[in-house]
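Use these hints to put chain B onto chain A, whose structure you have.
One letter stands for each residue in the lines below.
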Amino acid sequence: MKRTIFSNQLLPWLLLAPQLAITFIFFLWPAAQAIRQSFLREDAFGINTSFVGLANFEALWNSSQYLNSLKVTAIFAVSVTVLSMGAALLLAIAVDRMMKSTRPYTTLLVWPYAVAPAVAGILWWFIFNPTIGVLPYVMDRFGYDWNHVSNPGQAMTLVVIASAWKQISYNFLFFVAGLQAIPASMREAAAIDGAGPVRRFFDITLPLLSPTTFFLLVVNIVYSMFETFAVIDATTEGGPAQATNIMVYKVYFDGFVGQNIGSSAAQSVVLMLIVIALTVIQFRYVEKRVEY
Amino acid sequence: MIENRPGLNALAHLVLIIGVVVVALPVWVAFVASTHTATDFMSGTVPMWPGPHLVENYSRMLDAGVSTSGTPPVARMMFNSLVMALAIAIGKIAISILSAFAIVYFRFPLRGLAFWCIFVTLMLPVEVRIVPTFQVVAGLGLLNSYAGLSIPLIASATATFLFRQVFLTMPDELVEAARIDGAGPMKFFRDILLPLSRTNMAALFVILFIYGWNQYLWPLLVTTDSSYYTIVAGIKRMADAVDGLPQWHLVMATAVLAMIPPVAVVIGMQRLFVKGLVETEK
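Those sequence lines, one after another, are chains A and B. Per the numbering used here, the first sequence runs over residues 354 to 645. Per the numbering used here, the second sequence runs over residues 13 to 294.
Looking at chain A on its own, in the form it has when it is part of the complex (with noise of 0.2 Å):
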């Protein structure tokens, strides 16, 4: 809170009507149209609508195909965390060891972040490819045949590692930063008492990080959720056999390539609740952070 103010009555109103206008117009109102939408449902051609209270939601948790989908969603949100953070963690400890090469280094690892999900998606769908990518070529040498086109636990494995990928760099930004934060002191304590490396580990360096790591997990978690459906629209589709349709996808492809529109919005409502969730969590305990 500021003690000094200006006085104006109107200015202030001026000055928020740009971002209050695009807000209301594109965020609000649209979100307004989704839960509407979700308790009404159109005929074959669009021209009639009618109440239907909770039939859409209804509809959603008796189909296998939604359901399916939440749990390709768990597995891949999980996934996708796990492999990106594990792996960023790994090498944030280890650049954390440098004395004079941390700059080449992070240099070197934090520009995937610049590359879009659709890029990274199609890179690494090209280097899987099962006629003329890199991998599936050795993986053949080894008598391990890959074809990501039919079958689903490749697939999955396909979409997770183009999207861990693309988001390790982001985690090791925040490891490092993490890491630097820990006092040298308490290292050197443990230490001279005679802790190792791994000892001093885990009990001390992964305790004091795990401010870092809770928010991390927070922010990987959204980012699988939402921002990888361009991953998967690129790549898979969804496939194969709905595999890889996670959530996000399946409120796309059910809205505007299977026109319906009253189970697209009312997944669309499921979907902000479970945005609301993550964003509460978020702002009460990330800002609090996990003392000790």
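Check before you lean on any hint, since a few could be wrong.
Claimed, not checked - Simulated pairs of lysine to any residue, SDA-like, Cα-Cα distance not exceeding 25 Å: (1) A:Lys453 / B:Tyr223; (2) A:Lys453 / B:Met281; (3) B:Lys287 / A:Gln533; (4) B:Lys287 / A:Leu367; (5) A:Lys453 / B:Pro121; (6) A:Lys453 / B:Thr170; (7) B:Lys287 / A:Ile627.
It should be emphasised that the hints constitute simulated quantities derived from the structure, not laboratory data.
Leaving out everything else, chain B in the frame of chain A:
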């Protein structure tokens, strides 16, 4: 360094080198592929070293593109991406700094409500309101226009929060001094706040430029006229070849071109980039 353990240092270097190689692998493969011809892939083995067709492939994509996929020349798509990224970055910074100024330096009725309206946009990413937002933009006649590509994306709570945070840390004496000297709010904003927020604006610009350049879903929806395609959304249309296999060497050349501007920004302005990344997450 707490103690000298050469073994661990060597291991750390090894981990980092493997990390750097794995991170660079897909881009290297794409770059190599973009310097060959289509027939080089059909021989059964994938080339791992650049071929002689670099200039030929890239100039063909920039000037002409792949006509069979219905995409315009890549130079055109890159221009569209640039316009969109700049409009989003500048637009977001402009409207956010104004609203943060209003929220921090004024007391007016319904101030709390205005703040909450901005706050809830955090909880409404495009992906969860795709269909109705598309309907709004279509209703306003903004499909296939730069305005339609950028305006719906320029409202952002993150940028407003960032500037609010910056303003809150500025000493109150600045306002007092300005008022004693007879400066009105807008003069104070222009002559004191703007210059003092310059590095924050630059850091935010780096993050927002990348954000805007890398947009995918939104341009895919609002552009049906190929002259408004952006490069990131255009690649996918190119990869979905109408007749048979995609022309991988040309798709990969486009992918490399799509990466160059944002990657150059991150590497060239690494310090601002890291600052922006850390600040926007507070």
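So, going through the hints one by one against the coordinates:
1. A:Lys453 / B:Tyr223: violated (32 Å)
2. A:Lys453 / B:Met281: holds (20 Å)
3. B:Lys287 / A:Gln533: holds (15 Å)
4. B:Lys287 / A:Leu367: Given that 25 Å is the threshold and the Cα spacing comes to 30 Å, the pair is violated.
5. A:Lys453 / B:Pro121: Judged against 25 Å, a Cα distance of about 55 Å means the pair is violated.
6. A:Lys453 / B:Thr170: Violated, because 34 Å separates the two Cα atoms, which is more than 25 Å.
7. B:Lys287 / A:Ile627: Violated - the C-alpha atoms of Ile627 of chain A and Lys287 of chain B are around 29 Å apart, more than 25 Å.
Consistency note: the structure conflicts with the earlier hints numbered 1, 4, 5, 6, 7.
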